[in-house]
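Colleague: From first to last, the protein sequence lines are chains A and B.
In terms of the UniProt record's numbering, the first sequence has 191 at position 191, counting the first letter as 1, and numbering is strictly consecutive.
In terms of the UniProt record's numbering, the second sequence has 213 at position 213, counting the first letter as 1, and numbering is strictly consecutive.
It is worth saying that the hints were derived from the structure and are not from the lab.
Beta carbons are placed, not taken as given, at the ideal position from N, Cα and C, and that holds for glycine.
Check the hints yourself; a few may be wrong.
For the chain B half of the interface with chain A, some residues (derived, Cβ under 7 Å), not all of them [said to hold, decoys possible]:
(1) Val-130
(2) Gln-132
(3) Ile-147
(4) Val-148
(5) Gly-187
(6) Ser-190
(7) Gln-191
(8) Ala-218
(9) Ile-219
(10) Asp-348
(11) Ile-366
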Amino acid sequence: MSTNQKITLAKGLNMGLRKAMEDDDKVLLMGEDVGKLGGVFRITDGLQKDFGEDRVIDSPLAESGIVGTAVGMALRGYRPVIEIQFDGFVYPAYDQIVCQVAKYTYRSQGKVKMPIVIRIPFGGGIGAVEHHSESPEAQFAHTPGLKVVACSNPVDGYWMIQQAIAHDDPVIFLEPKRQYHADKAELDETATPEPLFTSRVVRAGTDATVLAYGPTVKTALKAAEAAATEGRHLEVIDLRTLSPLDMGPVLESVRRTGRCVVTHEAHVNLGMGAELAARITEHCFYSLEAPVLRVGAFDMPYPPSRIEEEYLPDLDRVLDAVDRTFAY
Amino acid sequence: MSEHESFGPDLAEVFGPSQSDGGPDLVQLLTPEGERVHHPEFDHDFSAEELRGLYRDMVLTRRIDVEATALQRHGELGIWAQLLGQEAAQIGAGRALRPQDYVFPTYREHGVAYCKGVDPLRLLGLFRGVDQGGWDPNENNFGLYTIVIGAQTLHATGYAMGMQRDGVVGTGDPDRDSAVIAHFGDGASSQGDVNEAFIFAASYNAPVVFFCQNNQWAISEPIERQTRIPLYQRALGFGFPGIRVDGNDVLATYAVTKAALQRAREGNGPSFVEAYTYRMGAHTTTDDPTRYRLNDELEHWKLKDPIERLKVYLRRNGLVDQEFFDDLDAEAKELGHHLREGCKALPDPKPLDQFGYVFSEMTDEIAAQRDEFAAYLASFEGSH
Ligand SMILES: Cc1ncc(C[n+]2csc(CCOP(=O)(O)OP(=O)(O)O)c2C)c(N)n1
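Here chain A stands alone, though its shape is the one from the complex:
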């Protein structure tokens, strides 16, 4: 099974989950509709059929219950992988995640591990009704004891989900739902994957650095392509991990380019961009030619879908920010 194949992000995640379940019989999937239906996005398609109802668990419609029972399962030596159906429905489980999942290891002075993965399809752009397009990453990255990662492409989806499941700490695993079925990429299952908590340069450039993760990686790459036609070479970094942040490649890049734009779909106020800007300023102050600029959501709830295209950071808004960094 090492022949390369072209897969979507949905397929990559599905294959990654399957592999993780084959490799370790303590791995369990839990969530609403993950069994027979294969999840509303079909990410768990076929897994209940092959691994049985004891390992792919259709749970009652209760997010706090799902996460809370996963805590108990983890205490018993299992490795639960939870699917939250949509980003906006993680909040009923918020208390269990930030007060229990995140703090068990600390409270037990390291004696207990919480190897729980909480998968959340996140971000907008799918024309959905309210609560189906949110970007709650900062809420979790702000919580000590949780690790937060975001995949952006099919190959990362395949490897990162397996790595997150094998990891002994709780991982909030963000999946850009808009990309599930969008693009295909070639997967080599025999390759050695990048380590989990690392960021990565996905397009080299010399003039400015664009930081992105999840759904905005594609936007940033498109912006870089457009900028190149005008002779500007943008370096694009896919952060991949939001907590812990892997600042190495970021600082190295900004020291070279002297300019940085951060883009995410979440609200700019107190978002990931704020943290990145602060760290970059602290470590690259003398290399910066312009302040770090942020492109993200306004401080309003996600709007009705008819105007989400205007609200989401797109190629033009990224380029506009790039222009502004050059205007300093």
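Keeping the supplied structure of chain A fixed, place chain B with the ligand upon it in accordance with the hints.
Modeller: Quick look at chain B with the ligand alone, frame taken from chain A:
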């Protein structure tokens, strides 16, 4: 089960997937065959006019649903939550309400909204993506649709507690005494919020009716995944009465809901109504029930169609003539036209207006973001 006999009968006997007739405690006034039956506690003397009215309401409600489903298929709506099969549950409950009663709906209460006088066109905005409700909940005492499962049951309870404090419960004046109804599904019964709402309502004796449409499925998950006892029996554990009514029988849902609301208005506290029904359509237009549901089940429930059984009864008893059906048909067509044309004409929201809705008064920060965005948008003008 022998060594566990002290725990009562085998659960499978009490509650099994095969219990599609709703079990022995089901309140019914009209059988699936259209026979009028009587109930010692919940009977009601329906006038011919009332019966025709209920029939008309169900037909128009189905029309709203069919039209909206078609609009979704034509790309005019992003998604639609269908109610096919749940017309009796909604009209029975909706017609039992008085103007001063307040509704806290989920996202599927199109029939209840219609009973409360909300223009069905207003319901389409959320599904088309031009607004997130948009109607004024206080205009018709019909709350905004709630997407987060179960959240509204707590709002309903709090609202009912407010009514108590305002002295509009148990006054003996029928125009004044008020109650609240909270709609939700069988899946929602698993949420913490719903269970907390039960506890608050019981503890404060709040005038609220918890109205659960048990349509047997929460997307792909059957009722057995949410409960091992009949849902209505749960109420007892929280300290208020629960009752199961045939949700495909509009006469019974009307009579039972009316009694529950009256109990609440009189100051006797909350109750739980489980309308035992079936979701004949998909969960929403994006769902594919063939992946988890047997066709047999659907065929079985089609025989219990809420509209057909009342039609048979009306016909058999000579309560309707052809003119009634012709008029109703014309009315339904008119309603369909209103929805089709109205939907396409719903204006898209204005991005800059959105900044004004975040708080009751705009903050300086948000005003600055709006102005920046306006300048940004203006920079494109003339560039294409
Ligand atoms: C808190 C929360 N979790 C998950 C969802 C996604 N979701 C939407 S409807 C639904 C099933 C609801 O089933 P039920 O309560 O029985 O109501 P029905 O739609 O069948 O009337 C789910 C899981 C949601 N809207 N809110």
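Colleague: Run through the hints listed earlier and report the numbers of any the structure violates, in increasing order.
Modeller: Hints that this structure does not satisfy do not exist here, as all of them hold.
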